[in-house]
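Peer 1: Residue numbers (my numbering), protein chains in the order written: chain Y, 1 to 343; chain Z, 1001 to 1343.
Misleading hints may appear alongside valid ones.
With a straight-line Cα cutoff of 20 Å, these simulated SDA-like cross-link-like pairs (lysine to any residue) come out [stated by the list, open to error]: (1) Y:Lys30 / Z:Gln1242; (2) Y:Lys316 / Z:Pro1039; (3) Y:Lys316 / Z:His1021; (4) Y:Lys297 / Y:Gly220; (5) Y:Lys316 / Z:Leu1040; (6) Z:Lys1008 / Y:Ser335; (7) Y:Lys316 / Z:Ile1018; (8) Z:Lys1318 / Y:Arg22; (9) Z:Lys1115 / Z:Ser1005; (10) Y:Lys7 / Z:Ser1335; (11) Z:Lys1316 / Y:Ile18; (12) Z:Lys1316 / Y:Leu40; (13) Y:Lys318 / Z:His1021; (14) Z:Lys1008 / Y:Pro340; (15) Z:Lys1316 / Y:His21; (16) Z:Lys1115 / Z:Thr1033; (17) Z:Lys1030 / Y:Gln242; (18) Z:Lys1316 / Y:Pro39; (19) Z:Lys1007 / Y:Gly336; (20) Y:Lys8 / Z:Gly1336; (21) Z:Lys1008 / Y:Arg341; (22) Y:Lys318 / Z:Leu1040; (23) Z:Lys1318 / Y:Leu40; (24) Z:Lys1008 / Y:Gly336; (25) Y:Lys318 / Z:Pro1039; (26) Y:Lys318 / Z:Arg1022; (27) Y:Lys7 / Z:Gly1336; (28) Z:Lys1318 / Y:His21; (29) Y:Lys8 / Z:Arg1341; (30) Y:Lys8 / Z:Ser1335; (31) Y:Lys318 / Z:Ile1018; (32) Z:Lys1007 / Y:Ser335; (33) Z:Lys1318 / Y:Ile18.
Please keep in mind that the hints were generated in silico from the structure rather than gathered at the bench.
2 protein chains.
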Amino acid sequence: MGDNSGKKILLAHGSGGILSHRLIEEVFLKAFTDPLLAPLNDQALFDPPNPPSVSKFAFTTDSYVVSPIFFPGGDIGKLSVCGTINDLAVGGAEPLYMSASFIIEEGTELSVLEKVVDSMARTARAAGVRIVTGDTKVVERGKGDGIFINTAGIGVVTDGIELSPARISPGDSVIVSGTIGDHGIAVLAHREGIMMDSPVQSDCAPLHGLVKDILINAGGVKAMRDPTRGGLATILNELASQSGTSILVREEAIPIREEVRGACEILGFDPLYLANEGKLVAVVSGESAPGVVEIMKKNPFGSDAALIGTVAEEPKGKVLLETSIGNRRIIEKLSGEQLPRIC
Amino acid sequence: MGDNSGKKILLAHGSGGILSHRLIEEVFLKAFTDPLLAPLNDQALFDPPNPPSVSKFAFTTDSYVVSPIFFPGGDIGKLSVCGTINDLAVGGAEPLYMSASFIIEEGTELSVLEKVVDSMARTARAAGVRIVTGDTKVVERGKGDGIFINTAGIGVVTDGIELSPARISPGDSVIVSGTIGDHGIAVLAHREGIMMDSPVQSDCAPLHGLVKDILINAGGVKAMRDPTRGGLATILNELASQSGTSILVREEAIPIREEVRGACEILGFDPLYLANEGKLVAVVSGESAPGVVEIMKKNPFGSDAALIGTVAEEPKGKVLLETSIGNRRIIEKLSGEQLPRIC
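Just chain Y, with the same shape it has in the complex (with noise of 0.2 Å):
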């Protein structure tokens, strides 16, 4: 839209008529070049991908509130596309297709809005993931926070492949990509202006690339999930109460930023409960373990990977963690909200 500094969302950018019509053509089609996208029609059309050699289609929907919108990084773009690509990758699906919807309040900088979408494209295009078709809501000023963004994507799981929690069972190991709680604490210090020598960058990543390298080049693969809001201990929580066995993990195996470890402890928070945005765990049999490990750290974003635990029978449903010093106790899931506004 040529020079838009200065210029401004308005409620009539929400209308249906002239304005979004504008807004659709100058900033979405412009970033998001897809020849699917491009009739702007009210559905994309795309032809049922190669039926032969898949086995499931997979969908997710993820919508994102985080605060403020630009953090060190990434930003509500980037990870819009990111987590949408991740909650399909961790269920062992290719991402195909995206949806993107947008909820701007009235007053938001256009050039802020120009901003996320070309992250969106850049992310989407070098994830080889097509954003296909989307929509546009203004709310008055007050009545929203900046931009929203939903994400839904479409994926494809190709036959043989099946992660479940269902598949879990004694004897597997527990396996985190890299190190936790960048995402939680790089927002939070951007977000209450706290000064740090070096600022932790979030982690926000596309995850599927990283999965795929897995699923092709190691066996024994049993489920996976990315630990973003209630972080590392919420997300093997739900692991071992879904497949009703006990997660037990060991403190010190957890790969921790420096940084952010300093940080949790002068803010007082634990980062086993802070987002990542660009982490899986994984849970796979014993003997593939060491195996797995190995093709993670050879991936960019696997490169701090680290076997962290092992799955026991008992007790059901719970995950212990061993401290340095050798005491185990229970870790809960998330109880209260430490960090709102987090993705």
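Go by the hints and put chain Z onto chain Y.
Peer 2: Same frame as chain Y, but now just chain Z:
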């Protein structure tokens, strides 16, 4: 959740932790009961829908910010399900799966959320569409406005069906499935507290059954659209411009309820620009038109269907309105915003 009167949504309901889990179990799962949703994974997995007869997949999304949340004839929940069904249906697709994502303002009554979710569940069940995946975020008081909903939908187009503005040609007829402006006036009157002798009800309804009736029983159907935001005038302009034809509509032929006409006169609105949520515009070959109108009239959602115009060669991309006294004037797309937060 038992007696929830007085209980309110807290930020912790969006934490991803214990309260999020309870909300999912006790509100969403309880209402949406679906075996694909029940595993509570990050994605829903479903079998490839009957590949041999499927020529295309359809994918759509819309966010809903209607204010107020409840209005005569519907609510944001019903609207969010019907809107996505209709966006699939007008592409000729049979709607199959839907996602539901909520952005809730802290302090919203839990009972209000339950009422909205129940309405979504009832509407989806009656329509034969499955809600299989979802998400919930909570924003601080004053950073949202009650409940915003995003739905995305997946449908399948059967072999041989092809609806596209590109197929429109001079000589075609333009049909609307019923009275226009009902939704716009219903929401506006309720919002502004305007007293009417007989309050106008929103036409909010799922139209995939009506579309199926037409596609099965009539040939010559070229394109369909649902005249939501921007109204009939804007959608006709889009069809004319996308097809490079001219559309001539006769003012007298457009079905408008007396109450809507009256409200428009008093309030200074043009019904041609008011949103509809249970109406479709079909462009069909001239010879098919009377048959299509007859088929529509037999369906409860098409009982006021009418042939309102014809497609001509010139002036390309323009819509002409022939008034009752025989004058013709160009009607443009909606410019500006007459009714924000209508859907």
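Peer 1: In ascending order, which of the hints set out earlier in this document are inconsistent with the structure?
Peer 2: Violated hints: none; all satisfied.
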